[in-house]
Structure formats: C-alpha cells, structure tokens
Amino acid sequence: MTRIPSGWSRRTFLRSALATGALVVPGSGVLVGCATSGGGQEQTEGEVSDDNPLGVPTDSPLEIYIFNGGFGDKYATDVHEPMYKEKYPNAEIKHKAEVDIAGALQSRFVAGNPPDFVNNSGDGQIPLGQLVSDKQLYSLADLFDAPSWDDPSKKVRDTLVPGAVEEGTFGDTPYALHLALTIYGLWYNKALFDQHGWTPPTTWAEMTDLCKEIKGAGIAPWTYQGVHARYMTWPLLTMAAKHAGEDVLKAIDNLEEGAWAHEAIKESANALAGLKRSGFILEGTEGMDHIQAQGAWCEGKAAFVPCGSWLESEQVDVTPEGFEFAFMPEPVLSEDSALPKETLRATAGEPYVVPAAAKNPRGGLEYMRIMLSKEGARGFTEEVSSLTVVQGAADGLQLKPGLTSAQDALKTAGDNVINWRYQTWYQSMWNPGINAHIGDLLAGRMSVDEFSTACEAEAKKIRDDDSITKYTR
Amino acid sequence: MSTDVSVRNSVPRRPTSKAGPALHHGKYTFVVSFLLVPVGIYGLFVVSPYLQAIYISLTDWTGLTGGQTFVGLANYARLLDDEQFLIALRNNGILVVVVPAVTVLLGLFLASMLNVGRRGRSGVEGVRGSAVYRVVYFFPMVLSVAIIGVLFKYVFAPTQAGGILNGLLRAVGLDGWAQPWLGDPDFAFWIVLLVMIWSFVGFYVVLFSAAMQSIPKEIYEAALLDGAGRFMTFRQVTLPLVWDTVQVGWVYLAIQAMDAFALVHIMLGIGGGPSRSGDVLGLALYRSAFNSYRFGYASAIGVVLLLLTLVVAAVFMRVARRERVELS
Chain A
9 MTRIPSGWSR
19 RTFLRSALAT
29 GALVVPGSGV
39 LVGCATSGGG
49 QEQTEGEVSD
59 DNPLGVPTDS
69 PLEIYIFNGG
79 FGDKYATDVH
89 EPMYKEKYPN
99 AEIKHKAEVD
109 IAGALQSRFV
119 AGNPPDFVNN
129 SGDGQIPLGQ
139 LVSDKQLYSL
149 ADLFDAPSWD
159 DPSKKVRDTL
169 VPGAVEEGTF
179 GDTPYALHLA
189 LTIYGLWYNK
199 ALFDQHGWTP
209 PTTWAEMTDL
219 CKEIKGAGIA
229 PWTYQGVHAR
239 YMTWPLLTMA
249 AKHAGEDVLK
259 AIDNLEEGAW
269 AHEAIKESAN
279 ALAGLKRSGF
289 ILEGTEGMDH
299 IQAQGAWCEG
309 KAAFVPCGSW
319 LESEQVDVTP
329 EGFEFAFMPE
339 PVLSEDSALP
349 KETLRATAGE
359 PYVVPAAAKN
369 PRGGLEYMRI
379 MLSKEGARGF
389 TEEVSSLTVV
399 QGAADGLQLK
409 PGLTSAQDAL
419 KTAGDNVINW
429 RYQTWYQSMW
439 NPGINAHIGD
449 LLAGRMSVDE
459 FSTACEAEAK
469 KIRDDDSITK
479 YTR
Chain B
18 MSTDVSVRNS
28 VPRRPTSKAG
38 PALHHGKYTF
48 VVSFLLVPVG
58 IYGLFVVSPY
68 LQAIYISLTD
78 WTGLTGGQTF
88 VGLANYARLL
98 DDEQFLIALR
108 NNGILVVVVP
118 AVTVLLGLFL
128 ASMLNVGRRG
138 RSGVEGVRGS
148 AVYRVVYFFP
158 MVLSVAIIGV
168 LFKYVFAPTQ
178 AGGILNGLLR
188 AVGLDGWAQP
198 WLGDPDFAFW
208 IVLLVMIWSF
218 VGFYVVLFSA
228 AMQSIPKEIY
238 EAALLDGAGR
248 FMTFRQVTLP
258 LVWDTVQVGW
268 VYLAIQAMDA
278 FALVHIMLGI
288 GGGPSRSGDV
298 LGLALYRSAF
308 NSYRFGYASA
318 IGVVLLLLTL
328 VVAAVFMRVA
338 RRERVELS
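Top to bottom, those sequences are chains A and B. First residue of the first sequence: 9, per my numbering; consecutive thereafter. First residue of the second sequence: 18, per my numbering; consecutive thereafter.
No wet-lab data here; the hints were simulated from the structure. One should not assume that every hint holds.
[Stated by the list, open to error] Counterexamples of contact, computed for chain A against chain B with all Cβ distances above 10 Å:
(1) GLU175
(2) LYS419
(3) GLN431
[What the hints assert, rightly or not] Quick list of the computed label-pair ranges, beta carbon to beta carbon:
(4) A:SER115 with B:PRO257: 48 to 54 Å
(5) B:GLY184 with A:ILE470: 41 to 47 Å
(6) B:ALA330 with A:GLU271: 53 to 59 Å
(7) A:ASP131 with B:PHE126: 37 to 43 Å
(8) B:PHE62 with A:GLU254: 51 to 57 Å
(9) B:PHE62 with A:LEU405: 51 to 57 Å
(10) A:ASP131 with B:ALA330: 30 to 36 Å
(11) A:ASP108 with B:VAL159: 22 to 28 Å
For every residue, glycine included, the Cβ atom is placed at its ideal position computed from N, Cα and C.
Input sequences plus hints: build the corresponding full structure.
Structure representation (structure tokens):
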C-alpha cells in the first residue's frame, strides 16, 4: 500500500497539478486548432463552352446541404440532383440533409472548407448579411447572366419574376438565390365567410365594419402569432406603403432618421392597435405562440390571421374538414391611397448560397441554374406546394386552394408588388428588436407614438453600430 | 517544471517530514505519470476553452471567419450601454437571490415534514404517506428541462389556446384572474422563476431528507422530553444538524440559478418574452452568438457570467459558513 508522506499534502498536489495544467494549455491550442483558426482549400473549374456556360468541372464531386425542414429534401434528391447527374454523369453528388444548418456548417465556414451548395434556411440559418460582410459567399452574378437552361437566348435573370434577384443582392452583387415565392397578406376561411355571407374587405373602414359583424357572430375577428408579434409588422408596413407609396419602405431599409415616425406608419400602427382597443383580437393572443394562434384560427375561433403563403402547408395537420384557405391583400387605409388596393407583398424566399471557399463553386452555380429551369421549378412546386420565382413554371399545375387564391391575387396585383429588405439586411433589428415593440403595441402596453419612438431607437442602434455593414436601395 | 515543483516542495511545509530528495524524485515520476493524462484532458477541454473565450471576448470575431481583429475592451464597454444586457443582469440578480432562498426553505420544510413532522407512538417520525411523497417530490428531477418548459408553457397558455391554469381558474369561478400569463411582462419572468423552483425543490427535499435521516432519534426524544415544540425542534435540533448539507445545496442552487437559459428560451422565446422583460444572461449570450453572429460580444457576456458565478459562489459559501456540529 502506498502511504502518502506528509510532505506531499493534498494542497501541494493540487498546486502542482494546476501548474501542469497551465503548461498544457498553450500547447493544446496548437494540438486541436483554436476555435478561431482558419484554413482553405483548392477550387476547381472546367472549360467554358456553349454546352457548359458556367465552366463546370464535369467530373468533380458536388457537395450539397439541404435544410431538412418544412420543405424536406425530396425536391433535391428526386428532382434537381438527378438532373445534374444526367448532365454530368461523372460527377459524384454528396447529398446531406440537415435540420440545423449553422450547427453543421459554422465550423466548416471558419475552417475554410465549406460545401459547394447550401440551403441556408430554418432556425439555424446563418444571417446572409453577416456571411456577405465576412466575405464567405461566392458571387452569383455569372449565374444570373448565364443563358437559361430552357432557352439559351434568354439570360437566367430574365426568366425570373421582378425582385427575385434583388432579394439576394447585397450592394451590387447577388450572393443568394431565393427559389420560393412567398406571398404575404391576410388569410381567412372561405367556407366560414360564405356561410355568414361575409365579403373580404378592401378598405380599413370596411374591415372595421366587418369586424363588428364577425364579433357579433361570436367569433374573434383577428388573431396574430402572439409572442412572435413580428408577423404583424407585415400588414403594418404593407398598409403604410399602400397608403403613402413605396418610399416609406425605402426610408426604413436605408435606416433613415424618422422613417418609423412617418405619418403612414403611425396611421397603420394606429389601425392595428385599434383592433385591440375595439376588442377585435382573440382573447389571450398576446400570450400564444404561432402554433397556438394559428391553431385557434383553424379551429374557427378567429376570422383573420396575417401570414405568408406557407400557412396552408404549415397547418396541414390541424386543418379541420371543410376548411377552405383563402388569401386577401391587406385593406387600404383610405380610398385615396398611393398604391392600388390590389397591391401586395411578395418576396423571394428560401435562400440558397454557394460558399466563397467551396471546392466546386461552378458546380454550385450550375446546380442553381438547374433549380431555375422550368422542369426544376415545377418539380419544386409539386414537391413542396410552394410557388417559385421562375415565371410561368407553375402554369397548369393543380395547386391547393389557398395557394391558388394567393397566386390569383398576385396575378391581379400585376406590377404592384412591394417588398422591403431591412429584415434580411439587419435581422436582429427586426427580431428580437421590433418584435418586442409591436407585441407591446398590439397588447395595448404601448401607444402608437411610443411604438414609433421605440422602432426609431432600434434603427438608430443599427445605424450607429460601425461593426454592421450597411446597405441601401 | 520539475525544478519548479521541487523548489516549491523543498520549502519545509511540515517540519515533521523526513523524506529525502531521492525518494521525492521517484514519487514525482509516479505522480506526474498518473496525472499527465487527466490533467492534459482537463486542460484541453476545460481550461483551454475558457482561455480561448476570454481571448475571443477581446476581438470582433463574428464566428464565421478564420480571422479576427483585436479590439481590446470594446466589447465590455459596449455591454454597459446595452439596455437588454442590463435587464438580463437584473433578472439574473433576482434569480440568484430568490431561487435558492425559496427552494432551500421549501426543501427544508417538506423534508422535515417527511422525516420528523409527526409525533407518533414511536417518537418523532414522518407524516402519514411520507414514503409516497418522497417519490412524488422527486418526479420533476426525472424530467428534462425541455419537457418541463414545454409542459408549463401549456399550463400557463391563454384560455383560447387551452391553458390549464386559466381553465382551472374559470372552473372555480375566478374568471377575472385568468391572464395571458406568459404574454404579460408583469408575470412572464416570475412564472419562469416559479417553474424553476418547482423543478429544483424535489431534489433538495431528497437531499435534506437523507441528511435528516442520519440524525439519531435519541436527540429528538430528548428534545421531546424537554417539551420542545415542532418549530423549536426544527430550529434547535434539525437545522443545526443538517446545516452542512444546506450549505452545499445553497451554493449549488446559486450556481444553478445563474443559468436559467433553457427554461427562459423554451417558455419565453429567444427575445426574452413580452417587452423582452424575462431576458437572462445565458439567453443574451446565445442571441449574440447564434442570432447576431457576434461571438466576440457573446464571449464578453460569457466572461461576465463566469465572473458573476464565481463571485456568487464565493459569497454564498462565506455567508453560509458556520460552526460545525459534530454528532459523535
């Protein structure tokens, strides 16, 4: 048995152990590589020809990361990847589906060995603005200027709906491709409306009248996504822009002083806050999350809910029999509005990027060109029930009723489609920043003036922060 | 390294030590060879991340690049202007005071009821059914924090979303008391605090129970003969004899309460709830890192959190220090 002599007390023992640890530490950084150390990898390119306008290395592997969320990854494995494989039979496709994109890829971006194509979406989305300012993304300019898959005489950018390329453009360079086309507005159950003989209102005065009627029928006229109150910034800004023109939105995107104090913003905020004052919002909405609020709406407890066109797919498990999804644009605040009543917000969503340090970036671009082909876009719509930014790709497809109604509204709107960018450019300003303030406004905890001051303060925070790259439009 | 240790050890700490240098030498080889691997692993996976985090907190690293710029204490200076950080700091302060206090008191009360709450035929014993209670109290410990968070999110949900508490209140005619609990900045944070206590208290009941069971029954009998009431017995007999355990529990609870990240994130969301009033440091750190991709700033919050935890642990240990009561 070992007797520990008194000279070697527990205290000295620990002390020397600590000294040993201190010596090990500096070396360990070298051993494992510090969290912050980077590297790099070699890029391959192929010959440019008429048949291969992007210069894809025909036998290099292509590593693809798809966000495995609401859209799943079948559209990639069943539609786009076979198309790539057919054109480049010698190229191996390494397909990965991932729920947490940041969790899987953050360290690979840092280490300088990211994959060739990333569907940067979901809760683990790495903010595009940050990736761009860190120079981690490959420019997509060549893709949009390349001849399109179906018609070589037409550039890729000319086959897309207006605004699709801009959505992924930072400064002058496009860095992200957004394939899905999302239409934003108010949703209602057409079956319920037909049963009561209610017609969707086009002006706010009609809206308030209808709300009284709906309330009289024992149904709450409105609900929203509760603690995720930021969904209500969409009707807020859309109604403000319809009222006073798109310059309201440009001022917000450009972080101009007083942008959130614009009369139209205040009027729009006042209209929405009025819903609470008049008791038109489903009781307890401010304490719900989006699942609970949208669920209550599907159960017929509320008549209107603001959302994007993914709503129908999102609610598919809880939608009762006989429920008919229908879309309407936000009503105009007054008859003499700057933009027509049909105006709505549509954005290109679901971002795809090619990392700057990818091994096979040209393959990544080619994969995107395939997604933007008629066949690729149709396949996407069929698999995930979402429209795409490719013009006419969904023509003749049988869509779900809600999506059909949104697409009809988009057609009626024509060129009167609006959008804003601050949400993408300065993600934290919108959430959690403005999310909290509009929550306070709609719960009646904040006045319209206080709300506009609070939003101004959020914009100022971004404006005054030198570490954030600013964009203008 | 060996010189360093031998120099330090050549200072005679214990005058009775007679061991010669030759023997020392062999001993070091023996000890060092055994220590090298565990200490190496500890250094690699525990000490080195701490040091790296401290370094990162002095840079503007975004978490996405291979390089970063050294910015000195800029991140720490920015913390002072960040209102949201101050809200989180205040909430952590409330947590660290209220949660241990209430949990320890509740734990002691319930444990003493389970073990010494009743004067039965055989002297002092637990209340009727204490064996069942002991198991029931431990239940929350078995559930993971995520489950507890989701569960209570539904308990405190608004009526229209099937909130259980509001349903109960309405069932007993207290309609006016029904609230969108987690949607109200006056309640949200306190509800999380309540849930935290609920989830912690069972473990401390078991911990204190174990300590109480080791108190000899004779002491209680003597107190009983001297005519001590329940409260007197608790104060003069039970509490002093379990004080060591209480002290351990107290410090541990304080450290646990500094976290609260998972519960707040699940119950109130990433923004910290309505008006962002329920924010805690752990959540602010997570948001800076994985929402805004400012790992430098997030690390600065982490370093502050580390320092606070160290200070809190030290303070609590000092406050709870008290003369030890020997049983034998």
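Q. In this structure, is the beta-carbon distance linking ASP131 of chain A and ALA330 of chain B contained in 30 to 36 Å?
A. holds, 34 Å
Q. Checking the smallest CB distance to chain B, is GLU175 of chain A really beyond 10 Å?
A. At about 20 Å from chain B, GLU175 of chain A clears the 10 Å cut-off, so the statement holds.
Q) Can the suggested window of 48 to 54 Å be confirmed for the beta-carbon pair SER115 of chain A and PRO257 of chain B? A) holds, 53 Å
Q. Lying within 37 to 43 Å: is that true of the beta-carbon distance ASP131 of chain A to PHE126 of chain B?
A. holds, 42 Å
Q. Far enough from chain B: is every CB of that chain over 10 Å from the CB of GLN431 of chain A?
A. The assertion about GLN431 of chain A holds, with a minimum of 13 Å to chain B.
Q) PHE62 of chain B and LEU405 of chain A, beta-carbon distance inside 51 to 57 Å? A) Because 54 Å falls inside the window, the suggested range holds.
Q. Between PHE62 of chain B and GLU254 of chain A, does the C-beta distance stay in 51 to 57 Å?
A. holds, 54 Å
Q.
Would the non-interface assignment of LYS419 of chain A survive a Cβ cutoff of 10 Å against chain B?
A. holds, 36 Å
Q.
A range of 53 to 59 Å was offered for this pair. Does it hold for the Cβ distance of ALA330 of chain B and GLU271 of chain A?
A. The hinted range 53 to 59 Å holds for ALA330 of chain B and GLU271 of chain A, with Cβ atoms some 55 Å apart.
Q) Between ASP108 of chain A and VAL159 of chain B, does the C-beta distance stay in 22 to 28 Å? A) For ASP108 of chain A and VAL159 of chain B the Cβ distance comes to about 27 Å; the hint holds.
Q: Can you let me know if the beta-carbon spacing of GLY184 of chain B and ILE470 of chain A is within 41 to 47 Å?
A: holds, 43 Å
Violated hints are absent here; each numbered hint is respected by the structure.
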